[in-house]
Structure formats: C-alpha cells, structure tokens
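Q: Listed here are the chains, written in short residue letters.
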Amino acid sequence: MNFIDICALEDIPPLGARRVRRTSDQEIAIFRTENDQVFALLDQCPHKGGPLSQGIVFGTQVACPLHNWVIHLDSGEAQAPDVGCAQRFDVRVEAGRVLLDAGSLTA
Amino acid sequence: MSRMKLVLVGNGMAGIRTLEELLKIAPDHYEITVFGSEPYPNYNRILLSPVLAGEQTLDEITLNDLDWYESHRITIHLGKKIVRIDRSKRAVETEDGLRVHYDRLLLATGSDPVILPVPGAKLEGVISYRDIADTEAMISAASQYREAVVIGGGLLGLEAANGLRLRGMAVTVVHLMPWLMERQLDQTAAALLQKSLESKGLKFRLQASTAALQGDASGRVQSVELRSGEVIPAQLVVMAVGIRPNTALAESSGLFCDRGIVVNDTMQTFDPRVYAVGECVSHRGKSYGLVAPLFEMAKVCANHLAQMGIGRYVGSQLSTKLKVTGVDLFSAGDFASRPDSDEIVLSDPGAGIYKRLVIREERLTGCVLYGDTADGAWYFRLIREGSPVNEIRDRLMFGEDNLGDTGHQGQNKAASMPDSMEVCGCNGVCKGTIAQAIKEKGLFTVEEVRKHTKASSSCGSCTGLVEQILMNMLGSDYSEAPKTKAVCGCTERTHADVRRVIREQKLLTIPAVFRFLDWRTPNGCASCRPAINYYLISTWPKEAIDDPQSRYINERSHANIQKDGTYSVIPRMWGGETNASELRRIADVVDKYAIPTVKVTGGQRIDLLGVKKEDLKAVWTDLDMPSGHAYAKALRTVKTCVGSEWCRFGTQDSTQMGKDLELALWRMYAPHKVKLAVSGCPRNCAESGIKDVGVIGVESGWELYIGGNGGIRTEVAVFLVKVKTSAEVLEYAGAFLQLYREEGWYLERTVHYLQRVGMDRIKSLILDDAKNRIALWERLQFALDGEPDPWKELTKARVDERQFVPVAALAAQPAAELA
Chain A
3 MNFIDICALE DIPPLGARRV RRTSDQEIAI FRTENDQVFA LLDQCPHKGG PLSQGIVFGT
63 QVACPLHNWV IHLDSGEAQA PDVGCAQRFD VRVEAGRVLL DAGSLTA
Chain B
260 MSRMKLVLVG NGMAGIRTLE ELLKIAPDHY EITVFGSEPY PNYNRILLSP VLAGEQTLDE
320 ITLNDLDWYE SHRITIHLGK KIVRIDRSKR AVETEDGLRV HYDRLLLATG SDPVILPVPG
380 AKLEGVISYR DIADTEAMIS AASQYREAVV IGGGLLGLEA ANGLRLRGMA VTVVHLMPWL
440 MERQLDQTAA ALLQKSLESK GLKFRLQAST AALQGDASGR VQSVELRSGE VIPAQLVVMA
500 VGIRPNTALA ESSGLFCDRG IVVNDTMQTF DPRVYAVGEC VSHRGKSYGL VAPLFEMAKV
560 CANHLAQMGI GRYVGSQLST KLKVTGVDLF SAGDFASRPD SDEIVLSDPG AGIYKRLVIR
620 EERLTGCVLY GDTADGAWYF RLIREGSPVN EIRDRLMFGE DNLGDTGHQG QNKAASMPDS
680 MEVCGCNGVC KGTIAQAIKE KGLFTVEEVR KHTKASSSCG SCTGLVEQIL MNMLGSDYSE
740 APKTKAVCGC TERTHADVRR VIREQKLLTI PAVFRFLDWR TPNGCASCRP AINYYLISTW
800 PKEAIDDPQS RYINERSHAN IQKDGTYSVI PRMWGGETNA SELRRIADVV DKYAIPTVKV
860 TGGQRIDLLG VKKEDLKAVW TDLDMPSGHA YAKALRTVKT CVGSEWCRFG TQDSTQMGKD
920 LELALWRMYA PHKVKLAVSG CPRNCAESGI KDVGVIGVES GWELYIGGNG GIRTEVAVFL
980 VKVKTSAEVL EYAGAFLQLY REEGWYLERT VHYLQRVGMD RIKSLILDDA KNRIALWERL
1040 QFALDGEPDP WKELTKARVD ERQFVPVAAL AAQPAAELA
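Those sequence lines, one after another, are chains A and B. So the mapping is simple: this note's numbering equals the position in the first sequence, first residue as 1, plus 2. So the mapping is simple: this note's numbering equals the position in the second sequence, first residue as 1, plus 259.
Keep in mind the hints are simulated off the structure, nothing from the lab. This structure is a prediction, so every number in the text was calculated from the model and none was measured. Don't be surprised by glycine CBs; every beta carbon is placed ideally from N, CA and C. Check the hints yourself; a few may be wrong.
Partial pick of chain A residues on the chain B-facing surface, computed with a CB cut under 10 angstroms [claimed, not checked]:
hint, residue
1, I30
2, T35
3, E36
4, S55
5, V100
Mimicking DSS-like on lysine-lysine, the simulated pairs with C-alpha atoms at most 25 angstroms apart in a straight line are [unchecked claim]:
hint, chain 1, residue 1, chain 2, residue 2
6, B, K851, B, K1051
7, B, K932, B, K876
8, B, K858, B, K932
9, A, K50, B, K822
10, B, K283, B, K264
11, A, K50, B, K871
Please model the complete structure; the sequences and the hints are all you need to start from.
A: Laid out in structure tokens, this is it:
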C-alpha cells in the first residue's frame, strides 16, 4: 500500500478536522478524536452535501454543520434514523504523522 | 420447582390486601387458595355507608373482581366457610367436606358485630351493620317501612342512621354514653355533631339503654323499649354497638386467643405457619376496626410470607373521619385530658367550627377537628412523627398554611407537600409515590391513580388531595415540560441542574462538568457541548476558557455557513448608520473577492453572501469594520429609526441611543441571539415591539419592552419600565440581558425565558431591587470588558486560523501516480 504523508497529527485540532484539497475532486476531511484516533471521510454529508470538516466532533462521530446529521467516522454511515454514507478513506498515524492511503483515493 | 401452598381464610380487605402486597414482591412464591364465606369477591367494606346512602353502587365498591383472582392464578371458593383447621396435617376443611392442604395459612376472619342480649334480639327486622347482606336488608326495609332505630352512636351507627334517613326513614339513634362517638370525639365536638345531625332530621336518645325489642304478630320488630320506659316505634332496628374479633375458628384449632387471635410483630400466631391479619387479631393487646392499620399489617405479613422478613408491625396511630356528607369531622391520636397535657382550643359554635389540639411533653398527641378538617392530615402527621412542636406552637392552631410563606390555600397545599408526606392514610400512600406513578405511567384521572397506587381507593376522603396533585402535575407538565427535560441523550440532567452545578461547584471546564455530573459520553455531543461551553463562559467570565471546538461552525469561523459551504459576512454598522468610506471598502471587497450577492438585511446592515472560507480572513482585514456577530448566539443588531435628529415627529435621539446600546453590548454572548431596537417616538418605526429589548422614546423619556420576538411565532414585547435618561436605558436593558445570560437555558430566546420564570421575577429583581439591578449591570460590563473583536484580534478570540487553509493539497491524481 502506498501511503501519502499529509500532515503532523498536531496540525489537526483534537475534536476537530482539517481539509485535504484535491485538484479535480471533492476535498477530504481528516478528523482527530479526543484520544488521537484519526479518520478520513469525503468532506460531503450524504444528506445535502454539507462540509463535514466543519462539524462538531464527539466520540467517533461528527455532526454535520448544515442539518445536524450525525455521521460515524469509522464507517461513514449516518446515524439512524437517517440513512446515508460518506465515502471513507484509509488513514493512519505513524510517528506523529498522518498518512492517507493513496490506493483508497482511487477506489 | 413446586410452589408452596398458601391458604387464605377470609376474602375481605385485610386478607386480599395481604395477597396483593405479596404478589407485588413475590409473585411466584405461592400457589394460593382463598375461602370467603360471603358470595362476593373482595369489596370495600368501608364504602358500605355511601352505598346505603345511595351515593355509590355495589359494583363501584368491588375492589377485586373475579378476573383479578383468575389473572393471578388464585383459586377462589366463594360462599364456603372453613369449619376446621387440622394443624398437625396442615389442612383446612369446609363445612361441606372440602379439604385443602397448606404450607402457610393466613387467617383474616374479620370481626362479628356485637348483638345485644336483649329480649327480641332475634326478631325479624333486627340486623347488624357489617356486610353487603345487611346493607341490602336496610335498603329493602327503607322502601317498605317508615321508622328505624339505630342502637349505638358510634361511627358505624351514625353512618347507618344517616343512610337510612337519606332513604326516607325516620331514624332515632339510641346511645348508651353521654355523647356521640365518645371514643373519637370530646363532648364539645360531639355536641356540634349532634346539632348538625339533628338539623338533618335525626333524633337522639343519649345515656339510654335498650330494655327490650317488641315484635308484632308476624314476628317482625315493631318498637324499641328503653330502660326509661320510653317506647320508640321501629320496623327496623340496626345494632351498631361494636365489633368482636372473630376468633371461633382459631380457638377451635387451639391457637392462642385473647379477645383476638394473638399475633407477634410479624403477624404470626402461636403456630408460626399460621398468620393472621385484620380485625380478627389482637396485637400487643389491641384490636383494630379501622382500615389503615389493617393495611399496615398486610404489608408486614406479605413481607414475611415472601421470606424477606424485614417488616415489623408495631401498632398504629388511628385517625377517624366520619363519612357523612356535609359533616366535616376528624379526630386522631389520644385527645383525653390529662394532668400533664395542655390543650389549645378554638371554638366558634356559631360558625360550627371547633378544634382541639392536645399537647403533651412538647408533642402533639391528639386532635379533634369539627367543621374545618383541612389540616387533619397535617396534624395526624405531627402526631405520628412525634416531633416537638414548641417552635410552631403559637401558630399550630391556624394550620399548615399559616406556618410560613406556603402561598394560597387549596391548590398550593398539594404543591407544597413534601414527597414523603402521606396522602392516603388508609393505604399508606405518600405524595411521592403518586407523583411518580403519574409521571411514569402517564396517568390523567383519579381513577387511574387509584388503580396504580391505591391512593383514595378505600375511604376516599383524600380524593380531593389526589385531584390536586394531578392538577398540579399535569398543569406543570403542559407549561413547564422543558423544566424536566434532559439537556440531551448524554445525561439525565436538566439545563437547570447543569447551570446550578457550574455555579455552586465553580466548574470551569467541560470535562469537569462531565465528570461531576457523570456524563454518559466521553465528550458529549453536538447538543450539550455548545450549551455547557456557554454556561461556563457566562457564569465564570475571565476564568472559564472558551472552547472553540465546542462551538458551532459559525461561531468558530465567525461567519455564517451557507447551504453550499460558503459563508456570509456581515460587518457591524452601529445603529444602522454607515458612511461613504465604509461603503467604498465594502464595494472594493465585493469586487476583489468576487462576492456573488450583496444584500441589505432586516437589521439595517449589509450582508456579503458566498464568501469562500479561504477568503474570510482577508475579507475581514480589507473591510476594516467590526464583526457584526450575525452568526452568533450573541448581540446581533440594534435597529434604530432616524429619531429627533432628522425626523419631524421624533421625540428622542433614537439613533444615538441605539449606537450607545450597541457599543455597550456588542460581543455579548447569550443563550440565543439577541436583537434590540430603539424607536424615537411611539410610531415605532424600528419595530421595538418584536425585539428582545425594545426601546421607545416618548416626550418624557424612554419606555423599555422585553421579550419580543419576530420569529416562528410573533411575540409582542412586554412593558418593563419607563425611565428618563439614556444612562438608565443602558442600566435597565443591561441588567435584564445579564439576568437572561445567567438564568436562560441555551437556545432559549428571551420570550421563552420570560414565560418560564415569569414577569414577576424579572420585575422583582430589576425594578424593585435597585442594588441587584446595578450589580447585574456591573457583572455584564465586567464580562464584556476587554472582549476581543474576533475579526481583528483573532488570537485573543481563540480563532484557530488553520481552519481557513487546507492542511494539504494533493497536486496530482494519486491514481496516476500509482499507474
């Protein structure tokens, strides 16, 4: 697998997110939980396309800033009763660096 | 597992209540068989009087219908009398030879009426007053005959006499003692009672004893002859001279009896497999004929039968209420005069009111109330608690309502009762149990409360109180539902709880709040975190530190997110005034950043819509205007009219007033958005009537209105006060807004805050209490002093500037890289 170095873990605020820009595609949101777990989702709520990176992060969930849909960071699935799924990307932290799986970017 | 066999002899209130209590705590412990000598399922014996009086029907007083027995898999034998207990083989036998084995036996054989041993006692038409058959006999006699004599002027006798009178008979009560109900009443109260009953048409012969009953040729009673020689015609004679515990069965089986079946504190007879409850027992030398003690016994007995063994019966204090409509009578405890007792007496014979309280060793030991029994339950509680009353002695007589500031009588009585206070004395149900059942089971009627809690299901004298509790609870449920609503799914705590704890415990961080209140989630959710963050910074300004990650995106990026993820930017224009230089800068910014839409807002400002997040910082810098906080739960705008400066109708300089208010209040975070308006005359061009604080200039000063709202439901602001100077406008408006900041719940607009706490509270804290008003205003100024403009002092405002730029840009298509 080919992981791309994105940023330092510290570049993402705890209980927050940052955006990764892509030239010809939607941005990716990278989330950091309270205990430094990192997740990556397409920065687009399955509901009305709201930027998930701007939502409030709690536990391993994020609340979309537009209509408060709650999206699970690990699966990208919306919390019931809402139904929908945000695309998920493989991401990991190594030696304090956040790495994004290049392979998953093409999937 | 085969279940133990429990046999109950006696299908009355005490026995069945014991089974009910038992089924509640150990539903599968026993296989139960019940024998009842009457052909009816369990009914409410103390409501026979209302049946006799025609106020209730037999159906209404049935407590457990046959379905109840069936649904609890109880075998019931009605109309079958047990004649023998074979204790060595542990079995009971009916008169027709049915034999049933038992592991535990419960005797609840009740009591028999005492029949006077006078000549003629066996004549037709001479009955006692004990059960449904007696009641039916009286009802049928009343339809055929005219005159009745009731022997015995106690509780039961008077209720019987009253019932027969209501059914049209001429009734004379013959009583041996010098006054009526001598065991429950003193002479004075009894005289009042007698007078009242006489006015209803009853006749009395006191200190009179019956010599003989005389019959006619057909064998029916026709008159009562007294020792004095007087002969009273009567075709119906009711003997209500007392009851005697029914111990015949127990005695014949060799169980120790002494006027009643002798039991210990766990309701066991001398044979520990055999229990006894109710009127048939003798406990510590006492027998009881009232329902409340029976139910206390039932509870203890059930507990022991369930093998829990933690209950003990130690005897009961008694209270009595006469169930004669139109007569209010209550007595409790020991009210006999003794050398060491004091008495407090209130007597107003004209008004028909008499109250006597007996105090011994600083404790209330008894009371007799006639005419006004509203405080009976309270006195009874004091008697049972046995706590000293010397501190309230001077006000004791005037009732609980006069003890302190407990508000108006009636309705508030139920509201002010503590949860532990007993409402239903018969069934030992306290207010808390009723309230809980109403809440948890969603009860709406007295009937439902009866079914679920038993409260008011016996003598019914607490029905009014139960109704009050229902009214209080349901009333408050309608209007104050949010009061009990949890902040969110992360906790059961309410907004009020959280605010209180933050203040009392001086909590300064969100994790501290979560820890202290045992939050169920590690870092809350998108509902509770913004609320708690606001509570912290508004309660402890300069101490609690704002947490931007717990704010909505608008307050984190200080702009208003739009449906496409772009933002809108609204710079502040003080009082809605602007100038050429500001307008020029705005125009330049619109051009430079290709802002698609420019719109004038309802709050007299200019909205730049469609700004990209990356451009926000530069837009603010280029505008060089203060943040309008149009994105925040905070002071938004102060709308003004032109005012006296230009307007020919203007009475006050509303624009200047608006600017002063806006300068004093901007950067003020609040539970929700806050909008103000100032109009220079009552024409009210600034629409002050639908603002959180609306100011209207009049010739002699300014009028302040609060709690207006132009939102989903238009709410007209309420008049608060009229003041003279603009300094006063600032002080009063500021004090109100600070009160709202301190007491409001997150996302609660001023109108809802006002509806919740009431205008009286606002007035008392802001108008009546000048010191408090000034303190509030000073606290607000302290909180706002040095607050940064987030557009200009980004660091101080804790704006995370990293949010405006992507953390990385993937230049090429990763797919291409891999390929």
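Q: Taking the numbered hints from earlier one at a time, note which ones the structure violates and give those numbers from smallest to largest.
A: none
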